[in-house]
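Protein chains: 2
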Amino acid sequence: MKKRILTGDRPTGQLHLGHYVGSLKNRIEMQHSHEQFVMIADAQALTDNYDHPEKIRSNIFEVMLDYLAVGIDPSKSTIFIQSQIPQLFELTFYFLNMVTYNRLKHNPTVKMEMQQKGMEETVTAGFMIYPVSQAADIALFGGEVIPVGADQMPIIEQTNEIVRRFNSVYHTDVLKEAQPLLSLCPRLPGADGKAKMSKSLGNALTLSASFKEIEEVVKKMYTDPAHLRVEDPGRVEGNVVFTYLDAFDPDLNRVKELKDHYQRGGLGDMTLKRHLMQVLENCVAPFRENRERLKQNPQMVLDLLQEGTSRAKKEGQRKLEEIKDAMRINYRLDHFSTMR
Amino acid sequence: MKKRILTGDRPTGQLHLGHYVGSLKNRIEMQHSHEQFVMIADAQALTDNYDHPEKIRSNIFEVMLDYLAVGIDPSKSTIFIQSQIPQLFELTFYFLNMVTYNRLKHNPTVKMEMQQKGMEETVTAGFMIYPVSQAADIALFGGEVIPVGADQMPIIEQTNEIVRRFNSVYHTDVLKEAQPLLSLCPRLPGADGKAKMSKSLGNALTLSASFKEIEEVVKKMYTDPAHLRVEDPGRVEGNVVFTYLDAFDPDLNRVKELKDHYQRGGLGDMTLKRHLMQVLENCVAPFRENRERLKQNPQMVLDLLQEGTSRAKKEGQRKLEEIKDAMRINYRLDHFSTMR
Chain A
1 MKKRILTGDR PTGQLHLGHY VGSLKNRIEM QHSHEQFVMI ADAQALTDNY
51 DHPEKIRSNI FEVMLDYLAV GIDPSKSTIF IQSQIPQLFE LTFYFLNMVT
101 YNRLKHNPTV KMEMQQKGME ETVTAGFMIY PVSQAADIAL FGGEVIPVGA
151 DQMPIIEQTN EIVRRFNSVY HTDVLKEAQP LLSLCPRLPG ADGKAKMSKS
201 LGNALTLSAS FKEIEEVVKK MYTDPAHLRV EDPGRVEGNV VFTYLDAFDP
251 DLNRVKELKD HYQRGGLGDM TLKRHLMQVL ENCVAPFREN RERLKQNPQM
301 VLDLLQEGTS RAKKEGQRKL EEIKDAMRIN YRLDHFSTMR
Chain B
1 MKKRILTGDR PTGQLHLGHY VGSLKNRIEM QHSHEQFVMI ADAQALTDNY
51 DHPEKIRSNI FEVMLDYLAV GIDPSKSTIF IQSQIPQLFE LTFYFLNMVT
101 YNRLKHNPTV KMEMQQKGME ETVTAGFMIY PVSQAADIAL FGGEVIPVGA
151 DQMPIIEQTN EIVRRFNSVY HTDVLKEAQP LLSLCPRLPG ADGKAKMSKS
201 LGNALTLSAS FKEIEEVVKK MYTDPAHLRV EDPGRVEGNV VFTYLDAFDP
251 DLNRVKELKD HYQRGGLGDM TLKRHLMQVL ENCVAPFREN RERLKQNPQM
301 VLDLLQEGTS RAKKEGQRKL EEIKDAMRIN YRLDHFSTMR
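So the protein lines, in turn, are chains A and B.
If you're matching positions, the first sequence starts at 1 in this note's numbering and goes up one per residue.
If you're matching positions, the second sequence starts at 1 in this note's numbering and goes up one per residue.
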């Protein structure tokens, strides 16, 4: 039996190279060894974008294009839209009875995000309870393995707390605890060296970046500000060009040679950057071409999304029945004895 | 066009005479002049009974028996089970984005109930957000008129706040504000004079009480503790027997005469109580008989419940589509242009 994975993204924009290195690459491999559910988390994205539904709506399609372009295979992975699974809302409602309000207030991820977004006094109830909605996502799809970054560990902890509470309240073992799968690769920095990568900051490359965009972003990339003359030795640590080469250049020996040369002196930033441009172009070109081709047939893309969503809905319904059986609230109005 | 009413009960026990005077009587009349939806609020009842699902489940049937027995007519009123309407959970989820957590914390009804139930530190998220779930109930069924007691006014205020916020965020008028319909009759006290009436306190009569039960409860009924000898004058104010006669005796002149006689002196408590017993028996006997007859055919009762629930589900789906259209999140995966 293959283990079940639940993973996904909020559709708030096109995916970028950071997503590729941090999760997409992993999913392309895991879809062979695992039963993979990939959720486009539009309902969750609405909790802090409720006033921009059109942004979320149009990015569902963009994210689906990205998935298909990089090689997430809809015959191996079930790709679906969160809001189209009504069972998730129902399970969230029942899970809200399994967690105290005090506990939600002290969720470290939520606290940090509230601070970052300056929403401390005005935080909506929807945003406060989103960890419960995530627990429902994981539980409904029986996610056994959840790929996460270190900052998302509290999500798994919260989920497993709810799972244990549920199983104890209803004397059942219908829900299973989830295991986090910590991402091994460090988070890819923006081209300017900042941790946050975003298209609007001009420090990110989407998965369909043109060679011209690659050139522009790499040209401005942060290297070693003390490395002024070609013949001077340069620093590799904190040099974003090398961070990207580590992540994208398939020829590890060549990267090692370049590092040695740079540290000795005699390797100019522009020569190095030209190399990175070509490495990135080699990575992105097939995605760009796939994406272009898929865009020619949007209906086929939506059909694949609908197929995955139908499959997920069926699975969600099956699991919700099981869960409601365990809660003894699965009334069958056609059968009186089940109402007693 | 008849105005739409939404009303209902939490299925936590059989209904009693307090329910009859406070709401059921009203519903029997309103079902002719209004389009009435009567909700058996099991999902809401689970927010503070989540660990006793069997209590909620079995009382759905009891409450339905009560409704039919007193004369709520399923061909005029749509009687349905809340948890069977998945659209309610979905709308609750989206409504949670329309209200701040701070606002929920300060809801007077919730605050009072939290104090009464001693759940201040341990209050669940489910209980905290139940006013949002009520707002979804009202909005999904387009409730224009909501019968409430004075202590429930904050529910209508919270609902209308959410409705206004929703309409303003999504530039729509798809949701309408609800009007409270304040109950004119004061709350019926328990037989012991206490405000809270409950079967477990032995101070309430269910709608199917036997004459023996009526006798027992009325015998212990609180009158005027200073009225020791028949010939002494007695007090009418605060005398529960008279409160019940005001509520149940159809012959108003006779009640007036009894009050005068009691105040003059010469009317004994037992004579008075015998009269009330007969008045209550006249009221309850047809309910008791109807209920007994209905219980012989439980499948018919469930069928009526299923019919109403199907009708409500259809109405809920229609309204949810309208609401999601207004939110611009009503994706049609079979039509690409709607995804842009």
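Keep in mind that the hints were calculated from the coordinates and are not lab data.
Heads up, a few of these hints could be off.
Short, incomplete list of chain B residues facing chain A, as computed with Cβ under 10 Å [claimed, not checked]:
id : residue
1  : ILE28
2  : PRO86
3  : VAL169
4  : CYS185
5  : PHE211
6  : GLY238
For each label pair, taking beta carbons as the anchor points, the in silico distance ranges come out as [claimed, not checked]:
id : chain 1 : residue 1 : chain 2 : residue 2 : range
7  : B       : ARG293    : A       : THR122    : 51 to 61 Å
8  : B       : GLU321    : A       : LYS111    : 55 to 65 Å
9  : B       : GLY266    : A       : HIS335    : 36 to 46 Å
10 : B       : LYS111    : A       : LYS295    : 23 to 33 Å
11 : A       : SER33     : B       : HIS335    : 35 to 45 Å
The beta carbon of each residue, even a glycine, is placed where N, CA and C say it ideally should be.
Verification of the supplied hints:
Checking ILE28 (chain B) against chain A by beta carbon gives a least distance of about 24 Å; that is not within 10 Å, so the hint is violated. Hint status for PRO86 (chain B) relative to chain A: holds, with the closest Cβ pair at about 4 Å, below 10 Å. Among the interface hints, the one on VAL169 (chain B) holds; its C-beta lies about 5 Å from the nearest C-beta in chain A, closer than the 10 Å criterion. The beta carbon of CYS185 (chain B) is not positioned within 10 Å of any beta carbon in chain A (closest approach about 32 Å), and the interface hint is therefore violated.
Annotation: PHE211 (chain B) was flagged as interfacial toward chain A, and the flag is violated, the nearest CB pair being 27 Å apart, outside 10 Å. A distance limit of 10 Å between C-beta atoms decides the matter here; for GLY238 (chain B) the minimum to chain A is near 40 Å, and the interface restraint is violated. For the pair ARG293 (chain B) and THR122 (chain A), the supplied restraint of 51 to 61 Å holds, since their beta-carbon distance comes to about 56 Å. In this structure the hint that GLU321 (chain B) and LYS111 (chain A) lie 55 to 65 Å apart at CB is violated, the actual value being about 37 Å.
In this structure the supplied range 36 to 46 Å is violated for GLY266 (chain B) paired with HIS335 (chain A), their Cβ-Cβ distance being about 60 Å. Distance hint check: the CB atoms of LYS111 (chain B) and LYS295 (chain A) are about 54 Å apart, inconsistent with the given range 23 to 33 Å. The supplied range of 35 to 45 Å is met by SER33 (chain A) and HIS335 (chain B), whose beta-carbon atoms lie about 36 Å from each other.
When each numbered hint is compared with the structure, violations occur for hints 1, 4, 5, 6, 8, 9, 10.
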